[in-house]
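Novice: Given these sequences and hints, build the entire structure.
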Amino acid sequence: MPEAQPPAGRGRDPKPFRAPGGKRPDRGGHGAPRRERDEADDGRSLGAPTGPRVPVGLERARSKAGAPPRPGRDAAAPPRPDLPQDEEPHLPKHIRRDIDRVIGKNRRGADIALALSIGAAAIDEDRVDVALPMLAWAKHEAPRIAAVREAFGVALYLDEQFAAALSELQAYKRLTGRVDQNHLIADSLRALGRAVDRVVDSAAELVNADDAPEDRRAEAAIVWASALADAGDVGAGRAVLRNYVARAGDGDPDGEHLLRVHYVAAELAVRDGDAEAAREQFARILAVDPDYLDVEERVTALPG
Numbered sequence: 053m054p055e056a057q058p059p060a061g062r063g064r065d066p067k068p069f070r071a072p073g074g075k076r077p078d079r080g081g082h083g084a085p086r087r088e089r090d091e092a093d094d095g096r097s098l099g100a101p102t103g104p105r106v107p108v109g110l111e112r113a114r115s116k117a118g119a120p121p122r123p124g125r126d127a128a129a130p131p132r133p134d135l136p137q138d139e140e141p142h143l144p145k146h147i148r149r150d151i152d153r154v155i156g157k158n159r160r161g162a163d164i165a166l167a168l169s170i171g172a173a174a175i176d177e178d179r180v181d182v183a184l185p186m187l188a189w190a191k192h193e194a195p196r197i198a199a200v201r202e203a204f205g206v207a208l209y210l211d212e213q214f215a216a217a218l219s220e221l222q223a224y225k226r227l228t229g230r231v232d233q234n235h236l237i238a239d240s241l242r243a244l245g246r247a248v249d250r251v252v253d254s255a256a257e258l259v260n261a262d263d264a265p266e267d268r269r270a271e272a273a274i275v276w277a278s279a280l281a282d283a284g285d286v287g288a289g290r291a292v293l294r295n296y297v298a299r300a301g302d303g304d305p306d307g308e309h310l311l312r313v314h315y316v317a318a319e320l321a322v323r324d325g326d327a328e329a330a331r332e333q334f335a336r337i338l339a340v341d342p343d344y345l346d347v348e349e350r351v352t353a354l355p356g
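Oh and the sequence shown: position 202 is 254 in our numbering, straight run, nothing missing.
Hints listed in this document are in silico derivations from the structure and should not be mistaken for laboratory results.
Computed from a predicted structure; not experimentally measured.
Hints are supplied without guarantee of correctness; some may be wrong.
The calculated label-pair distances, taken between Cβ atoms and stated as ranges, are [what the hints assert, rightly or not]: (1) N260 x E328: 25 to 31 Å; (2) A327 x D181: 41 to 47 Å; (3) R196 x G325: 47 to 53 Å; (4) E332 x H192: 48 to 54 Å; (5) A128 x P342: 48 to 54 Å; (6) A327 x A298: 18 to 24 Å; (7) D262 x V340: 23 to 29 Å; (8) N260 x D341: 26 to 32 Å; (9) H192 x E328: 51 to 57 Å; (10) N295 x P136: 45 to 51 Å; (11) E139 x A339: 40 to 46 Å; (12) A353 x D181: 35 to 41 Å.
All residues carry an ideal CB built from backbone N, CA and C; glycine is no exception.
Specialist: Quick look at the structure:
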């Protein structure tokens, strides 16, 4: 899931939804991953988009402000997808147990697990067109399975269906009590033009969660900072990113998420008329990845 120099908008396509470990699977058939997802049993979520994704900007937020109406109770159920009969689902054990507990160890439960597995693998490979029908059906059949709501929400987010994504990801949060998808919740709120305070509260909850994945905390800090900047307080947005970097320390100085933070910090410095600070942030990126996005061109364009 790169465009050169997004205006403060989404920029490069998001990295796809990933299982723990962050590796793309080899796939066969309909896309069931050829890795053993069931080896992971640590209770973590299946994953989320990460990487060089700049959150939606003010103009896009305004264009997306009209959320579509929710479907009525009589809305047609999504059709059952064509599930391969010769493939087994590859899911963490805790998710399989959740499906067995809620649905039962039966054919229906096995089909829901397979649809979730295929949908997650399709997101891994940027095939949202494959993921959406699989996960829409799985959600209809098993709305109380947190992993289904999470995966469907991620797919909807990647498809820029922000109102629907927000509904699914908030359901995931209610079911689990987890905040590890709050970066997408906050970005969806921002895309829909909701109040800045709501965006900030959601993003800050993840940024301040010490046990959350670092790349997601970085994404939440970026959404938080960008929302403040779009609301006219660029200085406050810059402070958010400075505080995040100070708190994150040097745990992974070459990490993609930290390069993202430096890039957005440079963007905000440019908007704030601080060319020296922008040059410093871009230099940190170039020291790690000389070909990162359009950094060389941005440095050349800086005054002085």
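Novice: Indicate whether the distance between the beta carbons of A327 and D181 respects the range 41 to 47 Å.
Specialist: At roughly 43 Å between Cβ atoms, D181 and A327 fall inside 41 to 47 Å, so the hint holds.
Novice: Does 18 to 24 Å hold as the CB distance between A327 and A298, or does it fail?
Specialist: Holds: the Cβ-Cβ distance is about 22 Å, inside 18 to 24 Å.
Novice: For A353 and D181, compare the CB-CB distance with the range 35 to 41 Å and indicate the outcome.
Specialist: holds (37 Å)
Novice: Please check whether N260 and E328 have a Cβ separation lying inside 25 to 31 Å.
Specialist: For N260 and E328 the Cβ distance comes to about 30 Å; the hint holds.
Novice: At the C-beta level, are E139 and A339 separated by a distance inside 40 to 46 Å?
Specialist: holds (45 Å)
Novice: For the range 47 to 53 Å, tell me whether the beta carbons of R196 and G325 fit it or not.
Specialist: Given about 51 Å between the Cβ atoms, the range holds.
Novice: Given a hinted range of 48 to 54 Å, is it respected by the beta-carbon distance of A128 and P342?
Specialist: holds (52 Å)
Novice: Is it true that D262 and V340 lie within 23 to 29 Å of each other by Cβ?
Specialist: This hint holds: roughly 25 Å between Cβ atoms.
Novice: Within 45 to 51 Å: is that where the Cβ-Cβ distance between N295 and P136 falls?
Specialist: holds (48 Å)
Novice: Mind checking the hinted window 26 to 32 Å against the Cβ distance between N260 and D341?
Specialist: holds (28 Å)
Novice: In this structure, is the beta-carbon distance linking E332 and H192 contained in 48 to 54 Å?
Specialist: Check passed, 51 Å falls within 48 to 54 Å.
Novice: Is it true that the C-beta distance of H192 to E328 lies inside 51 to 57 Å, as the hint says?
Specialist: holds (55 Å)
Of the numbered hints listed earlier, not one is contradicted by the structure.
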